[in-house]
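Chain order of the listed sequences is F and R. So for the first sequence, the working numbering puts the first residue at 1; every next one is plus one. So for the second sequence, the working numbering puts the first residue at 274; every next one is plus one.
Derived by calculation from the structure, the hints in this document are not laboratory data. Don't take every hint at face value.
[As the list claims (entries may be wrong)] Here are some, though not all, of the chain F residues that point toward chain R, as calculated from beta-carbon distances under 10 Å:
| id | residue |
| --- | --- |
| 1 | Pro30 |
| 2 | Lys44 |
| 3 | Lys105 |
| 4 | Ala151 |
| 5 | His271 |
[Stated by the list, open to error] Residues from chain R shown here face chain F by an in silico Cβ test under 7 Å; the list is partial:
| id | residue |
| --- | --- |
| 6 | Glu309 |
| 7 | Asp321 |
| 8 | Gly341 |
| 9 | Ala357 |
| 10 | Pro360 |
| 11 | Glu361 |
| 12 | Glu386 |
| 13 | Lys401 |
| 14 | Phe410 |
| 15 | Leu418 |
| 16 | Thr431 |
| 17 | Tyr498 |
| 18 | Pro502 |
Quick caveat, the model's predicted, so the values are computed rather than measured. Cβ atoms here follow ideal geometry from the backbone N, Cα and C, with glycine treated the same way.
There are 2 protein chains.
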Amino acid sequence: MTTQELINQIKVKKSFLCIGLDVDLNKIPPHLLSEEDPIFAFNKAIIDATHHLAVAYKPNTAFYEAYGVKGWESLEKTIAYLNANHPEMYTIADAKRGDIGNTSKMYAQAFFEDLGFDSVTVAPYMGKDSVEPFLSFKNKHTILLALTSNAGAFDFQTQEINGKELYKQVLETSKTYENSENLMYVVGATKAEFLAEVRQIVPSSFLLVPGVGAQGGDLKSVCKYGMSPNVGLLINSSRGIIYASNNTDFAQAAAIKAKELQQQMEEILNHAG
Amino acid sequence: MTTQELINQIKVKKSFLCIGLDVDLNKIPPHLLSEEDPIFAFNKAIIDATHHLAVAYKPNTAFYEAYGVKGWESLEKTIAYLNANHPEMYTIADAKRGDIGNTSKMYAQAFFEDLGFDSVTVAPYMGKDSVEPFLSFKNKHTILLALTSNAGAFDFQTQEINGKELYKQVLETSKTYENSENLMYVVGATKAEFLAEVRQIVPSSFLLVPGVGAQGGDLKSVCKYGMSPNVGLLINSSRGIIYASNNTDFAQAAAIKAKELQQQMEEILNHAG
């Protein structure tokens with residue numbers, strides 16, 4: 001999907017919500033456990049109930065790998081279902097990969113070509129030749145970790161490197177990579193003020209913002225500091241939406257939570273426009 | 274496996290060789306492609322021919338994910354074969370994972386418990402709470418990326434953070450993590466002098482050293498600068514061994530290449546002892 005198609009979808013739906021499909025068999029409604037593929041059954045119900053309220057879905061691969069071959073099958077079925085039935089949805093493989101060039105290329109092929117995701121999250125530690133193999137795919141995005149929303153972000157990311165915090169150095173250096181127009185960035189919402197600093201370096205790039213809701217970030221301040229003229233934000237919510245209910249009404253409950261966020265977003269977009 | 278069991282194995286075999294099982298269907302002997310599971314057939318033959326010369330095997334997960342569910346099955350079969358038939362071998366999932374705590378725990382369970390690997394490689398960018406969930410597993414090792422062997426390592430890893438290169442800061446900070454005795458580190462061999470600097474910070478930790486052979490590092494200088502009193506090195510070779518021949522003699526050819534490295538290691542160990 002092109003960036004413009006994503007922007008168009010945001011305008012049509014008045015939403016920049018991304019729903020994290022982080023499915024834990026210990027947390028889904030027990031009645032689903034008798035299904036042949038409980039993870040896919042859960043995802044399908046969530047997608048069917050929320051696709052008109054969100055613009056993106058983001059399965060975190062850890063939750064699928066945790067169930068081995070069966071988990072990988074659930075991931076394949078989920079992305080195939082999305083691409084066949086809701087091709088307008090933007091899809092993110094939250095995989096946080098990154099390896100030497102040769103090997104990053106294998107990951108890129110797996111997520112972009114074989115599975116058919118629109119984007120994949122990538123860790124920056126190994127630098128240019130670990131990121132560029134992802135960037136070389138046309139109409140696919142590489143979402144680089146810049147500033148994450150966890151406590152450990154302060155171990156290295158906010159430490160000064162040559163007089164500038166590491167996450168800013170990552171933003172600046174990545175702009176010099178080949179096909180850098182295909183970059184987006186993960187920027188956590190735990191301290192919204194950071195978003196203003198991020199915007200000084202990447203004024204128009206899309207930012208994937210986790211940590212609104214369960215991790216404590218606040219939507220309004222994220223938008224205040226992080227929104228670009230083209231919106232430029234994907235706000236992710238996982239547990240707050242998908243585990244809104246543990247009963248047979250889980251999909252409707254998820255839709256209610258997604259609708260709450262979408263309406264807040266619509267208000268912000270109307271105000272901004 | 275405990276660190277002491279690994280050290281014992283190194284002494285018995287007079288080898289600290291790790292063989293990277295990075296299987297690419299475009300590179301394996303064509304006659305294997307008619308097998309039901311060509312990747313596993315290749316790995317099994319390589320393992321049977323080389324297990325007495327090496328102490329560790331390291332599949333890089335990218336090469337398995339690239340083949341989707343089938344690839345994941347090949348990975349499961351490979352680690353199950355190793356654990357059943359060669360339980361003395363140290364096993365490394367070269368996965369370079371790392372996510373927020375909750376999610377890292379899912380990865381740790383997948384690789385340590387479900388698949389049964391002895392260790393997994395982890396990227397440090399997300400800090401403490403992304404690494405500690407791996408460290409909490411008893412008799413399992415977390416191999417943290419410190420200084421990698423690719424060109425992109427100079428983008429961030431060797432940049433100074435608070436007056437000290439980032440990779441040194443990663444080494445020092447990680448020593449403060451809970452259960453840090455379960456840490457090993459990836460340190461590339463492209464500049465062996467770096468190993469001397471690494472040893473000043475982690476004098477006895479095991480280092481997994483890629484880049485000897487195909488990536489240009491030299492075994493003798495790696496040992497000169499990097500060996501600890503307990504050896505403390507796992508030298509990885511992938512392509513140089515497993516693709517030594519593209520014919521029906523591929524396993525024997527791999528054994529010849531592995532034997533060459535093992536003999537160099539034996540000489541170094543005799544000299545050091």
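A quick look at each hint next to the structure:
1. Pro30: Hint violated; Pro30/F Cβ to chain R Cβ min 20 Å, cut 10 Å.
2. Lys44: 18 Å, violated
3. Lys105: For Lys105/F, the interface hint holds, since the closest Cβ of chain R sits about 9 Å away, which is under 10 Å.
4. Ala151: 5 Å, holds
5. His271: 31 Å, violated
6. Glu309: Violated: closest Cβ of chain F sits about 15 Å from Glu309/R, beyond 7 Å.
7. Asp321: The hint is violated - Asp321/R has no Cβ within 7 Å of chain F, the shortest such distance being about 24 Å.
8. Gly341: Check passed: Cβ of Gly341/R comes within 6 Å of chain F, closer than 7 Å.
9. Ala357: 17 Å, violated
10. Pro360: 20 Å, violated
11. Glu361: Constraint on Glu361/R not satisfied, violated at 25 Å.
12. Glu386: 9 Å, violated
13. Lys401: 4 Å, holds
14. Phe410: With a closest approach of 14 Å, the Phe410/R hint is violated.
15. Leu418: 6 Å, holds
16. Thr431: Hint on Thr431/R: violated, closest Cβ of chain F at ~10 Å, above 7 Å.
17. Tyr498: With a closest approach of 22 Å, the Tyr498/R hint is violated.
18. Pro502: Pro502/R check fails; min Cβ-Cβ to chain F is 30 Å, beyond 7 Å.
Checked against the numbered hints above, the structure breaks hints 1, 2, 5, 6, 7, 9, 10, 11, 12, 14, 16, 17, 18 and satisfies the rest.
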